[in-house]
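Colleague: Sequence:
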Amino acid sequence: MASLKEVRSRITSVSSTQQITKAMKMVAAAKLRRAQDNILRMRPYAQRLGGILTNLSTLTEGSVSNKYSEKREANRVLVIVVTSDRGLAGAFNSNIIKAATSLAQSKYRSQQEAGNLTYLTIGRKGYEALSKRGFKVIGDYTGTFANLSFDTVRVAAERAMDGFMTREFDQVDLIYNEFKNVATQIVRTEQFLPIEEKPVEETASSVVSDYTFEPSKEEIIEELIPKSLKIQVYKAVLESNASEHGARMTAMDKATENAGELLKELKLTYNRTRQAAITKEILEIVGGAEALASK
Numbered sequence: 001m002a003s004l005k006e007v008r009s010r011i012t013s014v015s016s017t018q019q020i021t022k023a024m025k026m027v028a029a030a031k032l033r034r035a036q037d038n039i040l041r042m043r044p045y046a047q048r049l050g051g052i053l054t055n056l057s058t059l060t061e062g063s064v065s066n067k068y069s070e071k072r073e074a075n076r077v078l079v080i081v082v083t084s085d086r087g088l089a090g091a092f093n094s095n096i097i098k099a100a101t102s103l104a105q106s107k108y109r110s111q112q113e114a115g116n117l118t119y120l121t122i123g124r125k126g127y128e129a130l131s132k133r134g135f136k137v138i139g140d141y142t143g144t145f146a147n148l149s150f151d152t153v154r155v156a157a158e159r160a161m162d163g164f165m166t167r168e169f170d171q172v173d174l175i176y177n178e179f180k181n182v183a184t185q186i187v188r189t190e191q192f193l194p195i196e197e198k199p200v201e202e203t204a205s206s207v208v209s210d211y212t213f214e215p216s217k218e219e220i221i222e223e224l225i226p227k228s229l230k231i232q233v234y235k236a237v238l239e240s241n242a243s244e245h246g247a248r249m250t251a252m253d254k255a256t257e258n259a260g261e262l263l264k265e266l267k268l269t270y271n272r273t274r275q276a277a278i279t280k281e282i283l284e285i286v287g288g289a290e291a292l293a294s295k
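With the numbering used here applied, the sequence shown corresponds to residues 1 to 295, in that order.
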């Protein structure tokens, strides 16, 4: 049985840890509110922008003559992986890393074996994990979440877009955590480039044909598509940011509860150990008194 000093030391240590996890939960909750507001404001904008592009492409008979729509054999693939810069968020990062590495083992196995599978990571955890596993990683966009804005994310998006334009990559995928609620984050794997056009019959019912174009439809599309792509990456990062804080809040709440349960067990152990020590001392005193009385 552990000594009283050891048990007291463990109680102090667990109490300190519980205070830290409780504080981290409160901080995560405050950050989550701001991150959730940001993504809720971004979603309608991104959906509306996508809707405008769909209407325009449908009005031009469904064909968007654009460099970002060129479909090629996916010999060289880039995967954009969005993780966090910090840990202590449960399975938030590990789920993304697992999804990213599974692509190399299944869908893009031949590209990986040929050395043509590349990862672009936004977030330190993804960069460290994939680099340690020996995967080809370009662009170190760690620290993005310290000053999260459209301009900081735009740099990473442009790197992927330029790589597609120069035929450095034939296809670009995007992996991130979509925010559903505090306890639930959904891992999403989407094709970023080339742009997947919807068939005309899927969008005909929602097409608004009463447009006056200035300048031409083609020029508008050429201008909107790059912006739409950057917004798509920015939205994914905002989704991941909200998901991170939700996952961390949940993890720290669970850690605080576990610390409370452990404290109960340790205090019970302390009381039992203390009682055993007192009983032993009493027995020793009684035994000594009896020994003296028998002389």
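No lab work stands behind these hints, which were simulated from the structure alone.
Glycine included, every Cβ here is placed at the ideal spot set by N, Cα and C.
Possibly wrong hints are sitting among the right ones.
To be verified - DSSO-like, lysine-lysine: derived pairs with alpha carbons at most 30 Å apart:
hint : residue 1 : residue 2
1    : LYS71     : LYS217
2    : LYS25     : LYS107
3    : LYS217    : LYS227
4    : LYS71     : LYS267
5    : LYS180    : LYS25
6    : LYS180    : LYS5
7    : LYS254    : LYS25
8    : LYS227    : LYS267
9    : LYS67     : LYS254
To be verified - Cβ-Cβ distance ranges computed for the label pairs, FRET-style:
hint : residue 1 : residue 2 : range
10   : LEU49     : GLU265    : 52 to 62 Å
11   : ARG8      : GLN47     : 20 to 30 Å
12   : ILE138    : GLU214    : 33 to 43 Å
13   : LEU148    : GLY260    : 38 to 48 Å
14   : VAL27     : ARG159    : 24 to 34 Å
15   : VAL155    : ARG133    : 49 to 59 Å
16   : GLU128    : ARG48     : 11 to 21 Å
17   : ARG159    : GLU265    : 23 to 33 Å
18   : VAL27     : VAL286    : 54 to 64 Å
19   : ALA91     : ILE11     : 52 to 62 Å
20   : ILE186    : ASP151    : 19 to 29 Å
21   : LEU40     : ILE11     : 20 to 30 Å
Colleague: Tell me, which hint numbers fail for this structure?
Modeller: Result: hints 2, 4, 6, 8, 9, 11, 13, 15, 16, 17, 19, 21 break, sorted rising.
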